[in-house]
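Visitor: Chain by chain, the residues:
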Amino acid sequence: MSVVKKILDGYDSDNAGTLSNIYKLLMHGKLAGTGKLVILPVDQGFEHGPTRSFAPNEKGYDPDYHFEFAIEAGLNAYAAPLGFLEAGSRKFAGQIPLILKLNNSDLLMESSNPCPAVTGSVKDALRLGCCAIGFTIYPGSTARNTMYEELRELAFEAKSYGLAVVVWSYPRGSELSKEGETAIDIAAYAAQIAAQLGAHIIKVKLPTDFIEKDDNAKMIKKYNIPIKTQADRVRYVVKSAFNGKRIVIFSGGASKDLESLYKEIEAIHEGGGFGSIIGRNTFQRPKEDALEMLNKIISIYKS
Amino acid sequence: MSVVKKILDGYDSDNAGTLSNIYKLLMHGKLAGTGKLVILPVDQGFEHGPTRSFAPNEKGYDPDYHFEFAIEAGLNAYAAPLGFLEAGSRKFAGQIPLILKLNNSDLLMESSNPCPAVTGSVKDALRLGCCAIGFTIYPGSTARNTMYEELRELAFEAKSYGLAVVVWSYPRGSELSKEGETAIDIAAYAAQIAAQLGAHIIKVKLPTDFIEKDDNAKMIKKYNIPIKTQADRVRYVVKSAFNGKRIVIFSGGASKDLESLYKEIEAIHEGGGFGSIIGRNTFQRPKEDALEMLNKIISIYKS
Amino acid sequence: MSVVKKILDGYDSDNAGTLSNIYKLLMHGKLAGTGKLVILPVDQGFEHGPTRSFAPNEKGYDPDYHFEFAIEAGLNAYAAPLGFLEAGSRKFAGQIPLILKLNNSDLLMESSNPCPAVTGSVKDALRLGCCAIGFTIYPGSTARNTMYEELRELAFEAKSYGLAVVVWSYPRGSELSKEGETAIDIAAYAAQIAAQLGAHIIKVKLPTDFIEKDDNAKMIKKYNIPIKTQADRVRYVVKSAFNGKRIVIFSGGASKDLESLYKEIEAIHEGGGFGSIIGRNTFQRPKEDALEMLNKIISIYKS
Amino acid sequence: MSVVKKILDGYDSDNAGTLSNIYKLLMHGKLAGTGKLVILPVDQGFEHGPTRSFAPNEKGYDPDYHFEFAIEAGLNAYAAPLGFLEAGSRKFAGQIPLILKLNNSDLLMESSNPCPAVTGSVKDALRLGCCAIGFTIYPGSTARNTMYEELRELAFEAKSYGLAVVVWSYPRGSELSKEGETAIDIAAYAAQIAAQLGAHIIKVKLPTDFIEKDDNAKMIKKYNIPIKTQADRVRYVVKSAFNGKRIVIFSGGASKDLESLYKEIEAIHEGGGFGSIIGRNTFQRPKEDALEMLNKIISIYKS
Amino acid sequence: MSVVKKILDGYDSDNAGTLSNIYKLLMHGKLAGTGKLVILPVDQGFEHGPTRSFAPNEKGYDPDYHFEFAIEAGLNAYAAPLGFLEAGSRKFAGQIPLILKLNNSDLLMESSNPCPAVTGSVKDALRLGCCAIGFTIYPGSTARNTMYEELRELAFEAKSYGLAVVVWSYPRGSELSKEGETAIDIAAYAAQIAAQLGAHIIKVKLPTDFIEKDDNAKMIKKYNIPIKTQADRVRYVVKSAFNGKRIVIFSGGASKDLESLYKEIEAIHEGGGFGSIIGRNTFQRPKEDALEMLNKIISIYKS
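Protein chains in written order, with our numbering: chain U, 1 to 303; chain E, 1 to 303; chain R, 1 to 303; chain C, 1 to 303; chain Y, 1 to 303.
A portion of the hints provided could be inaccurate.
One copy or any two copies: either way a pair holds, since identical chains are not told apart in the list.
What the hints assert, rightly or not - Below, a list of computed lysine-lysine pairs in the DSS-like style, where the Cα atoms sit at most 25 Å apart:
no. : residue 1 : residue 2
1   : K178      : K213
2   : K123      : K218
3   : K123      : K205
4   : K24       : K91
5   : K5        : K263
6   : K30       : K5
7   : K222      : K256
8   : K6        : K213
9   : K59       : K263
10  : K228      : K24
No lab work stands behind these hints: they were computed from the structure.
Modelling step: build the complete structure from the supplied sequences, incorporating the hints.
Guide: Written as structure tokens, this is what we have:
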């Protein structure tokens, strides 16, 4: 358990309530005590629509399924928007740590400078028994100030009630290239911004070896920052989040073949990442396949 | 009564006050205890103007008429904007469950990206003895964040007072095609968004078999989602609202011949829809005709 | 007094405080108990500037004059912006019911989509001893949501303190034709919107027989709605305000010859209108002329 | 002292606290009891920058200087932004009535439709021992609603604490001509707007005989309103501010030769103006010259 | 210690809490009691990204490093955004005065009229044991009103809790030339604005001898304001901040050779500046080099 204690030391200024909730996330499920997390997020019904999200495995239309699945898979937590958590938080009370996702976008009106709607509140998180709030920021969007300032208020309120704060940090906006959204320098910057805004847990996408900004490319070259392997890049993003003093977890994006996925997990593990947040790759597969996949992933993180 | 009990189970996390008000809606009128609802909405005076709305049956200019009609017809509830409810809520107190519609648009200034004005408050609903608030969202509008965030605040406040939340979810906006507004994939998405935003009761338009988004068309084909008949489509929209754990009711739009209307009701019933919200088709007919029509509709839902 | 009682029945859901204030308006001055009202509004100093407003009768520069005039003429109430009421409400306390006009525009910056500034508060109305607040909306303006939502908040607050709510409803905006601003269908719509927003007393302009919207023209023709005479049109607007359950009063616009004005008053009376709000036609005449004119108007309403 | 009593009668609806503060302004300094005021405003450091403002008399860089100067000159009050008052309000506590200027613009970003930033609060005015707040509005600016509504809130709060409200009313905006900014009809309108918004003391620029609006020109001609001499125009502006029931003071603008300045003061005095607000003409001269000039001005107002 | 007492006299109107915190800043570290300050700011991780900021000295990725460094170097204070202070404020509690930077920009979306996001609150500053808040304004930006008004609110709240207010005043915006951003007249104006907004400590960039505005150039020439040497310009900026009654400190910008840097420090000292705020020049060097550099700088300020 010393690894968990060491992680908590990085949150030294937080109150006992927040520390307890971070502890709860780290001590639940099959990875309890390892300092690693695997979290199930299901906001795709809102973000991509029910058809694209749940048609591949129609059990996913039912909010109960995701609670049951996260519990059975022994994950650390389940994250979802207001409606999905309202539907099951009482039935499954106490069986799985919950993260209420407080903002969401949908695909019916897209913008090159996205700004999600705030769809829940800290008091909703409290009445639903959650241990954390979740919030998405899009650094690079012209609407970034709106998101940063919403997060500031919600995070302040959440911390005052002893909740933890999980930030999805996804660079996106009209001045960023498409490749730049997952560039290593931008991923590191996104992690830094989330950390400076007071996030306890930061979720970023796995970065590529592309470098968006010339200034950063010069620095990476001059100071020989290793970014060649996926593990290198994970290590650099974790370093960019207060030298590893903030929990950084990674998402894998759209469904892909399992071998590629396991390799990514190994790279996250090797690079000192704190774990994964895996949505579509789980709930879009038949339950038994998904459980098997997660067992494999968990075993990698335990290795 | 077990059907009502089963419906209430889907709202398990709600407080006793809200459950009592959903129960009240389901246990009032001729459909009491069937798990079905027929609701009278009269916001057309605001939305389309008095002339277009009430000229066909001039009794409709009088707010009392709609209370009396909904009571006499044995409907589950009557929904209207502030003024109409203020005019009769004391006189008819307790005789029919009321839903205060909290936002409204008018036709004097139309926009391709609509955003209604908030025209009432949760405290108005309380002082007028309502059991629920009503709110319209237009997913697809550039102003969607405004609406979603207004709904979030109003729904949170309503729930804190034990009221229920009814959401009219009408896709509309500059990136949607005209046909897309009632496309099956978009209707399912609209129901999902309302459910994720915390609606207890969701009102959508009857969907066509048009599919707006290619990504959805591929899914519907690949996974053989039945959308051919009206009943199929109703079933899919209900499934998209948390696998039937949220009450979804359907509107029929502009007045039409009765046979078409009854066929629609049969399809809603067959597809597992929870009922209808019928405005213009009722109050624009002579009272006796309208009562006869509603008796027929109710008998379909009871069959 | 039974006519006053009958009018109050239309406001059945309001609290005793608000009913008392509507009663006060109906029971003051020479028209007390008739169910008719003549109100003096003096916001032209703000709206059109002092020169255009008060040069024709220079006593009008002085705020005392308007209090004295309304009292001497035996009118039902005096309505003005903050400054004018602050200047005399203590000196003339209790002698004439006051309406604090809570929003105002000026001519120094005009817009085709007008939106007045909120220039006073409900608490100002209370400290100045007013019985009602007044508020202007411009249905048809792109800024209508701002106005409707300001009105919602102010009206809610006013009612909570037992004040009455008077709404000036003037269609205006970039999608309306100039003629449409006083079209019969639009005037009826404007009255309906004000009523749905919770107004107790609605002020509209006398409508012409022009019809702005084709949909409305069809209805008026199909259902033989009489709109040929001024009295017809007054009757239709009153009907459009909850079938006569809301007090609707009419303004006459710019100064004109007296015979035309009296004919308008007769038409308002014949059509079941509740009275007049007359500004420039009074305070821009010599006091004795204005008093004589108002006596004539009052005698018409008493006939 | 009867002149002061008569002025206070115009503010009859105000509470004792506000009346005391207006009284304090009228009873301080060399003009005490005359009903006239000379006020020192020093916001040019913010509005025009320190170099343009204070280079001509470098003592002006020091906030103490302005306190000392206003006290020594025997003025009625000293008005300045937050920083300048914070710097000396304790040291000179009680020695000179203070007006906290609550909004300010700077020259680093100019707009044809100006809107100052709100730079202080009513509670700042209280903690600094001020007797009034000051606020600038720009009638004619597209941002006028913002300013009017800020003023409404601040003035309401100030009055609730017994403070007085001083409004700088400067017509400016894209629809006004440059000459129109000081036109007699516009100056009268600006005074009227400030009065209607609830100002106790109104500051306008000395108007020219230019007339901006044709409608006003017709009225001025038709009703023979005298505007030929400066005294005529002062008289008309004072009349436009509630027939002299509001204190109206005048500013003289940029520095000029003393003879022109004294003539202006004589015209203000002759026209029934209540005094002057003189900034640059004082603090940009050597102290002794400025004191001598003010003595001369005060002697004119006493004559 | 009389120099500190004299400085505090300039803040005479502030409460004992704020005076104590200014005192604390002036009495901490190697410059304690000299009236001079050297402050370490580390917001570059947010503002420029972690790669550009911390790659040159990788210890800087770790938030602990900056606390330890500021303590070891004997600086007066350490300023940083929320995340960095949350990471160490408990561990290093009491060892170094802290300034919580309350707004921040990032480089992922740049604008010619910048406006930082508010990223922390006054209550965060209190719970983290800070003695001051920090805030950046960009005079010249079209968004200046937003920043000035945010500062007004935050400064008011901070002062009410006895905190001090540090303002970074950086002229920037579409109407300023690039050279104008550091022009002597603009730097003086920026210092004046910050002072008028109620700042206790003002940070500006070292100005050049460029003059942006013709009006100012005329004044500088006419009144022989010395601006030729760096010391002259420092003296003029300090004079423009209430004749030296506000603490003005200077930043040096990007890293440069040490000799140039020491010359700048000497000029600041000679010109009566109150000290330096040095970020990149410290944490981007090896620790020992940076400590040596700061010892040299401190010795200059002590000379």
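Visitor: Now look at each hint and say whether the structure bears it out.
Guide: Going down the list of hints, with the structure as the test:
Taking identical chains as interchangeable, the C-alpha atoms of K178 and K213 lie at most 25 Å apart whether they share a chain (13 Å) or sit on different chains (22 Å). In this homomeric assembly, K123 and K218 never come within 25 Å of each other (Cα to Cα): the closest approach is 46 Å inside a single copy and 39 Å across copies. Taking identical chains as interchangeable, the C-alpha atoms of K123 and K205 are never at most 25 Å apart, the minima being 29 Å within one chain and 32 Å between chains. With identical chains, the CA atoms of K24 and K91 are at most 25 Å apart both within one copy (20 Å) and between copies (23 Å).
Taking identical chains as interchangeable, the C-alpha atoms of K5 and K263 are never at most 25 Å apart, the minima being 28 Å within one chain and 48 Å between chains. For a Cα distance limit of 25 Å, the shortest separation of K30 from K5 inside one copy, 18 Å, qualifies, whereas the shortest one across copies, 36 Å, does not. Proximity of K222 and K256 under a CA criterion of 25 Å is satisfied inter-copy only: 17 Å between copies versus 36 Å inside one chain copy. Proximity of K6 and K213 under a CA criterion of 25 Å is satisfied in neither setting, with 34 Å inside one chain copy and 48 Å between copies.
Taking the shortest Cα distances, K59 and K263 never come within 25 Å of each other, neither inside one copy (28 Å) nor across copies (30 Å). Within a single copy, K228 and K24 get their C-alpha atoms no closer than 35 Å, and across copies no closer than 48 Å, so neither meets the 25 Å cut-off.
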